[in-house]
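Let's have the full structure, built from the sequences with the hints guiding it.
Each protein sequence line maps, in turn, to chains A and H.
Using our numbering, you'd call the opening residue of the first sequence number 1 and step up by one each time.
Using our numbering, you'd call the opening residue of the second sequence number 1 and step up by one each time.
Restricting the straight-line Cα-Cα distance to at most 27 Å, the calculated cross-link-like pairs of lysine-lysine (DSSO-like) are:
hint, chain 1, residue 1, chain 2, residue 2
1, H, K65, A, K103
2, A, K3, H, K57
3, H, K57, A, K103
4, H, K17, H, K57
Quick caveat, the hints were computed from the structure, so don't treat them as lab data.
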Amino acid sequence: DAKTTQPNSMESNEEEPVHLPCNHSTISGTDYIHWYRQLPSQGPEYVIHGLTSNVNNRMASLAIAEDRKSSTLILHRATLRDAAVYYCILRDAGSQGNLIFGKGTKLSVKP
Amino acid sequence: EAQVTQNPRYLITVTGKKLTVTCSQNMNHEYMSWYRQDPGLGLRQIYYSMNVEVTDKGDVPEGYKVSRKEKRNFPLILESPSPNQTSLYFCASSLIRTGSTGELFFGEGSRLTVL
Numbered sequence: 001d002a003k004t005t006q007p008n009s010m011e012s013n014e015e016e017p018v019h020l021p022c023n024h025s026t027i028s029g030t031d032y033i034h035w036y037r038q039l040p041s042q043g044p045e046y047v048i049h050g051l052t053s054n055v056n057n058r059m060a061s062l063a064i065a066e067d068r069k070s071s072t073l074i075l076h077r078a079t080l081r082d083a084a085v086y087y088c089i090l091r092d093a094g095s096q097g098n099l100i101f102g103k104g105t106k107l108s109v110k111p
Numbered sequence: 001e002a003q004v005t006q007n008p009r010y011l012i013t014v015t016g017k018k019l020t021v022t023c024s025q026n027m028n029h030e031y032m033s034w035y036r037q038d039p040g041l042g043l044r045q046i047y048y049s050m051n052v053e054v055t056d057k058g059d060v061p062e063g064y065k066v067s068r069k070e071k072r073n074f075p076l077i078l079e080s081p082s083p084n085q086t087s088l089y090f091c092a093s094s095l096i097r098t099g100s101t102g103e104l105f106f107g108e109g110s111r112l113t114v115l
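Next comes the structure, spelled out in structure tokens:
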């Protein structure tokens, strides 16, 4: 699976938008971009995924660069409950191969 | 309810005493995986399985064994636990059929302490 690069940590203020970046310059044409988050003392949970087009769901939006070498997870209005570690992962749509997590980005939200 | 169930959730044991952490999923998922999580190191994969009787090593397999005799179960075996295996363990599963999203479902975690 292709590797992703994320900042170690980010800070945000409550009720402000948060943009979490992810670089994946070696992404292949069949790789889906997945985002997971892990709240304190919990297992990781799925947030969103996409292939080429931008995606929205009730939790977040995913903006994918035109060349697909980077993506951004957007939390439109951060809440204290969004403080978590966010993981960006690539997974091949065809083989659905092994999933490797990196260290993710630790998001802190200030009141 | 779709879920991944791990047992035990908490365990304190002693060095050398064999133990098994069970993992079961009720979603008919082909893919299952074990991760360990330690402070500052993120989620590191121990073993994974693409289907029944198909297992492979992840990044940190030393000291662990797994088996996949049935689709729903993927136990993690520590034959002779050592203190450096004190960690938080997560089991996860997903579909891997072509066309599926491959969303991973995680268990609630098993916190293991080896004295």
